[in-house]
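What follows is the residue order along each chain.
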Amino acid sequence: MSATAATAAYLMDLPGLTPYDEGLQLMENLAGARSQQAIADVLMLLEHEPVVTLGTRTDVATELPHPALLEQRGIPVVEVARGGRATYHGPGQLVGYPILDLSAMGRDLRAYVEMLEGAMIDALGDLGINAEAREGEEHTGVWVEDRKIASIGVHVASWITTHGFAINLDCDLEPFDLFVGCGLQETRYTTASIEAGRPITRADAQPVLLERLGERFNRTWELLPS
Amino acid sequence: MAVASTIDVVMPQMGSSVTEGTISRWLKQVGETVQSDETIVEISTDKVDTEVPSPATGVVIEILVAEGVTVEVGTRIAVLSTDLSATPTAAAPVAAAPEPVVAAPVAAAPAPVAAAPPAAAPAPIASIEDGEGRAFVSPVVARMLVEHGLEITQITGSGRGGRVTKKDVENALAARASGGALAAPSSEPTAVAPPAPVVVAPIAVPVPAAPVTPAAPAAPAAAAEPAAAGAGEEIYTFSRVRQVTAKHMRESINTAAHVTQVWEVDLGRVTEIRGKLKPKFKANHGVNLSFLPFIMRATVDALALWPWMNAEVRTGDAVIKRYVNLGMAVAVDDGKGLLVPSIKNAESLNLLGLAQAVADFAVRGRSKKLGIDDLMGGTFTITNPGVFGSLYGTPIIPVGQVGILDTGAIVRRPMVIQGPEGSEAIAIRPMMYISLSFDHRLIDGAYASQFMAQVKQNLESWDEEAYGA
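As you go down the protein sequences, you meet chains A and B in turn.
According to numbering that gives the first Met the number 0, the residues represented by the first sequence are 0 to 225, in order.
According to numbering that gives the first Met the number 0, the residues represented by the second sequence are 0 to 468, in order.
No lab work stands behind these hints, which were simulated from the structure alone.
A virtual CB, placed ideally from N, CA and C, is assigned to each residue, including glycine.
Some hints here could point you the wrong way.
Computed from the model, here is a short list of chain B residues facing chain A with C-beta under 7 Å [to be verified]:
(1) SER16
(2) THR18
(3) ALA245
Between beta-carbon pairs, the in silico distance windows are [to be verified]:
(4) B:LEU304 x A:ARG72: 27 to 35 Å
(5) A:GLU221 x B:GLY370: 35 to 43 Å
(6) B:LYS281 x A:ARG72: 39 to 47 Å
(7) B:VAL318 x A:THR219: 36 to 44 Å
(8) B:GLU31 x A:GLN35: 24 to 32 Å
(9) B:ASP316 x A:PRO18: 24 to 32 Å
(10) A:PRO14 x B:ASN253: 49 to 57 Å
(11) A:GLY31 x B:ARG24: 15 to 23 Å
(12) B:ARG268 x A:GLU78: 43 to 51 Å
(13) B:HIS284 x A:GLU131: 42 to 50 Å
(14) B:SER15 x A:THR219: 22 to 30 Å
(15) A:SER34 x B:ALA303: 52 to 60 Å
(16) A:THR3 x B:ASN253: 58 to 66 Å
Please put together the full structure from these sequences, using the hints given.
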C-alpha cells in the first residue's frame, strides 16, 4: 500500500522571540500570497515575546477584568482581528501558524482542527507524554487529563487558514492566572516539561512536531531562509 | 429594466461533520451593498472563525439570524436582492441576540438576587435565555425541547458558554429513558443558572439531603480541589473572573503597605450648587448630575497639588504621573466581580465632562462596550459604595496605583458650626465621610492628610467660577 507522494510545503522557522505584531504581520503577508496561489502552503514556527491577545469581540469585562495585573508585569495586551477568547503567548511556548489552502484538503474545518490536535498528541507521545483531545467544542486543544497543554485558534478566509496552535513546553504558567482566557472555569494549564518531569525545550519538540504534522498533512517541509 | 431576484445566504457547509455554526459578526447590514465574494458575515465553529463570502452582488434586504445565534448548516441567514436599489423588507432581525448581562455601576440599585429562568417562550427562531443571556439554542434544540416537554434549565449545556446542544438534549433524553434524573428546574443553582453568590443562596437546602434517584448520572468530576459541603452548606466554585479578581486583591495587599484615613466633609455648598445645575445639565446635555463628578473634580485638583498620590511604585521607584486617569470602581452583576475603567486625562475635564464620562461608562458597561483601553492605565481611583448606605470603607488600592478614595453615604447630621464673632450653633448639615487608602511605601500620613485636607477644602468651598459647567 503506497501513500500519495507528500506535497512540499515551506517551513518558516523563526529563532528566538518574535514580537507579536511582527509575527502577525508576517503571517498575514504569507496568507495573502497563499490566497493568490503565489506560494505553496507554509508553516510558521516561533515563540512570542510575552503578550495577551484579545479577539476584537472579546467582552473585556468577562475576559480581562483586571488588566493592571498584566501592566504590572509589563505584558502588553494586543487586540487581534479574530474571534475567540483572550490567550497568552510567551517564551517557552511553541507557536505554529499553518497557512494552508483547505480547498485542496476537502474544506473540512473540523477535520483540520482534528489534524492539528492529532499531530500535537502524537508529537507529545514521542516525548513520552500521554496527551489527548477531549469531547466538546469548548475543549478544543490538547489535554493531559484535565490539564491543558496546547491551545488551538484558527481563522479561515477563502479557505486559507491563519493563526493556529500553541504548545506549552516550558513556559511560565502564571500569566494564565491573570485573565479569564478560554473561560472554562476548571481549566488548569500545564507544560510538556511538567508532564514529562524533565525540561523539554523547543529543540526537543520541534523535530517531532514537524514530523507528525508532515504525517497528518502529508507534507514535507522545505526550510525557508528567515 | 432587469428583473430583480432575491438570493438566500445560507449557513455554509464547512465539513462533513460540522452541523452548525454561530454567527460571530455581520460585516454587512441591512441596506448595504455587498459584492460577490466579499465577506458578508463571520461565523464560528469549534475554535475556527470563518469569513463567509457573499454568494452574489446585491443589497442585503434581510438579516434573519442575529450575532451570537447558532443555527444548523443550510439555514437561511440573510436575503440579498440583486436589484441594487432594493429597500429592506424587514426592519428587525428575527432572532435578536439577548441583551448582554447588565454591568451595573456602583450607583445602581442592588440587582435582583436571582435571575429566574424564563419559561420557554420561543422567539420565531428560538433563542432561549437562561437569565444570563447566554444559553442560545439552535432551532433543532428548541424543537426537541418542546417536543419532549423539557425545560432548558433541566439540562446542563456542554456547548460554548454553557449552550445546550443537540447532543446534550439527546443525552438528557437517554438519561431519562434509563431512569436517570434530570436536574430539577431551578432548585440546583449550579445547573444552568448563573452561580448565585453564597450569601444569597438558600441555606435551607442541604445539598446532601436532596433526593437521589437511582442511576443518577454522576456529577462531572470537578478537577482536583473538591470542597466538601456539610449539612446546611453550599459550594460556590470560584468563577475565573472571581479567581482573577482575587488575584488582583491579594497582589495589592501583598505589595502595597495599606493605610487608611477617614475625613468628614460638609457637602452643603455642593448640594446647593448641584441642585441648581442638575436641571440645566439634564435639559441642555441630557446627563444626570450626581455627586460623583463633584468629588472627582475636587480630587483631581488636589492631585495636581499633591502629585505623589497620583503615582505608581515600579520596580522599587516611584513614577509620578502628570496626567490623571481617574479610575471609577464599577460593580458588575451576577458574580462577575469588579471593573475599574478610568477616565483618561480627567484633569482636562470640567464638571460636565466628568458627568458625561461617568454616564458613558455606565452605558458602555451595560452594553459590554468597554474596551481594554478603558480598563488600562488608571492612575488614581474613586470608589463610591456610599450609595448603598456605607459610612466609610478601607478600600484596597488597585495594583499599579498608590491611592484610592472611598466616598460614604451622605447623611444629614447635627453639626456644631461657627457663627459670627466666635459664636457656635448646632445646624443640620449634609455630611459625608471620605476615606483614603494609600501605599505607605511611598506616601506618609502627613502627605496623605494634606491631600485629603485639599479635597475637603475643594468640596466645602466649591469654586463655581473654576469648576462651572
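Structure-based check of each hint:
Taken as an interface hint, SER16 of chain B checks out: its beta carbon lies about 5 Å from the nearest beta carbon of chain A, inside 7 Å. A cut of 7 Å between beta carbons decides the hint on THR18 of chain B: the least distance to chain A is about 10 Å, and the hint is violated. Of the supplied interface hints, the one on ALA245 of chain B is violated, with its beta-carbon coming no nearer than about 10 Å to a beta-carbon of chain A, more than 7 Å. Remark: the range hint 27 to 35 Å for LEU304 of chain B to ARG72 of chain A is upheld by a beta-carbon distance near 32 Å.
The supplied range of 35 to 43 Å is met by GLU221 of chain A and GLY370 of chain B, whose beta-carbon atoms lie about 42 Å from each other. Between LYS281 of chain B and ARG72 of chain A the beta carbons are some 44 Å apart, a value that agrees with the proposed interval 39 to 47 Å. At about 53 Å, the CB distance of VAL318 of chain B to THR219 of chain A disagrees with the hint of 36 to 44 Å. At roughly 26 Å, the beta-carbon separation of GLU31 of chain B and GLN35 of chain A lies within the given 24 to 32 Å, and the hint holds.
In this structure the hint that ASP316 of chain B and PRO18 of chain A lie 24 to 32 Å apart at CB holds, the actual value being about 26 Å. Between PRO14 of chain A and ASN253 of chain B the C-beta distance comes to about 37 Å, which lies outside the given range of 49 to 57 Å. For the hinted restraint 15 to 23 Å between GLY31 of chain A and ARG24 of chain B, the CB-CB distance of approximately 21 Å keeps it satisfied. Roughly 44 Å separates the CB atoms of ARG268 of chain B and GLU78 of chain A, a value that falls within the hinted 43 to 51 Å.
Against the hinted window of 42 to 50 Å, the Cβ-Cβ separation of HIS284 of chain B and GLU131 of chain A comes to about 59 Å, which falls outside the hint. Our hint of 22 to 30 Å for SER15 of chain B and THR219 of chain A holds, since their Cβ atoms are close to 27 Å apart. For SER34 of chain A and ALA303 of chain B, the Cβ-Cβ distance of about 54 Å falls inside the hinted range of 52 to 60 Å, so the restraint holds. Our hint of 58 to 66 Å for THR3 of chain A and ASN253 of chain B holds, since their Cβ atoms are close to 59 Å apart.
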